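Trainee: The lines below spell out each chain.
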Amino acid sequence: AQSVTQPDIHITVSEGASLELRCNYSYGATPYLFWYVQSPGQGLQLLLKYFSGDTLVQGIKGFEAEFKRSQSSFNLRKPSVHWSDAAEYFCAVGAPSGTYKYIFGTGTRLKVLA
Amino acid sequence: DGGITQSPKYLFRKEGQNVTLSCEQNLNHDAMYWYRQDPGQGLRLIYYSQIVNDFQKGDIAEGYSVSREKKESFPLTVTSAQKNPTAFYLCASTDTGELFFGEGSRLTVL
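So the sequences go chain by chain: A and B. Okay, so the first sequence: first residue is 1 according to the working numbering, each after it adds one. Okay, so the second sequence: first residue is 115 according to the working numbering, each after it adds one.
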């Protein structure tokens with residue numbers, strides 16, 4: 001079955017510390033991969049995406065993610081977290097062609113300590 | 115600016131009433147989606163439409179209905195048959211593989 005797993009429900013880091021949010025997926029082929037961020041009561045904003053090519057992708061707000069095919073993972077990283085990064089982060093996969101159906105993880109809520 | 119507009123942002127409903135959530139996009143996207151978000155459950159797909167006058171049920175379509183009479187509009191009706199309609203509803207669209215989201219509508223049943 002197709003699925004996306006974000007094993008960490010909550011993560012707390014200090015401002016200035018590095019961050020890694022984990023995402024593993026189960027899919028028949030290499031899907032499109034996404035990370036979205038959501039502030040409370042708001043919609044989701046795309047941080048970055050992977051369709052093909054270079055497995056290390058750069059996104060907005062200083063985020064990056066690395067696609068590892070052998071591990072079926074697409075972990076999100078940031079070298080130095082800012083207080084404004086506190087939000088909920090969602091990993092998602094989508095079909096590479098044809099029907100655009102997407103599967104979302106359950107999210108990781110990030111808390112940043114001053 | 116192009117984007118997706120959802121309205122209303124907040125909506126209160128009495129049990130037994132149908133309500134319709136609006137979703138309008140000016141991105142010229144063919145595909146549009148409705149998701150339901152509950153705490154700790156991520157996003158669950160209600161309905162999606164890939165083209166005007168066509169739509170498909172998602173994973174949790176029971177108690178919901180949609181229409182797609184215009185490319186830019188994809189309204190969602192939450193019917194009285196939906197047993198637990200209190201939730202945050204998100205509309206999205208795509209044309210290139212990545213989803214663009216509206217700001218959401220929070221529905222509360224009193």
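Because the hints were derived from the structure by calculation, they are not lab data. Misleading hints may appear alongside valid ones.
[As the list claims (entries may be wrong)] Cβ pair distances, simulated, as ranges:
1) A:S84 x B:S194: 35 to 45 Å
2) B:Q155 x A:S26: 33 to 43 Å
3) B:S187 x A:Q45: 30 to 40 Å
4) A:R69 x B:E129: 20 to 30 Å
5) B:L141 x A:E20: 47 to 57 Å
6) A:S70 x B:K184: 41 to 51 Å
7) B:Q170 x A:I60: 41 to 51 Å
Please read these numbers as outputs of a predicted model, since none were measured by experiment. We put the CB at the ideal spot given by N, CA and C, even for glycine.
Trainee: Hint by hint, note whether the structure agrees.
Mentor: Going through the hints against the structure:
no., hint, in the structure
1, A:S84 x B:S194: 35 to 45 Å, "holds (41 Å)"
2, B:Q155 x A:S26: 33 to 43 Å, "violated (18 Å)"
3, B:S187 x A:Q45: 30 to 40 Å, "violated (23 Å)"
4, A:R69 x B:E129: 20 to 30 Å, "violated (49 Å)"
5, B:L141 x A:E20: 47 to 57 Å, "violated (32 Å)"
6, A:S70 x B:K184: 41 to 51 Å, "holds (45 Å)"
7, B:Q170 x A:I60: 41 to 51 Å, "violated (31 Å)"
In the structure shown, a violation is registered for the earlier hints numbered 2, 3, 4, 5 and 7, in ascending order.
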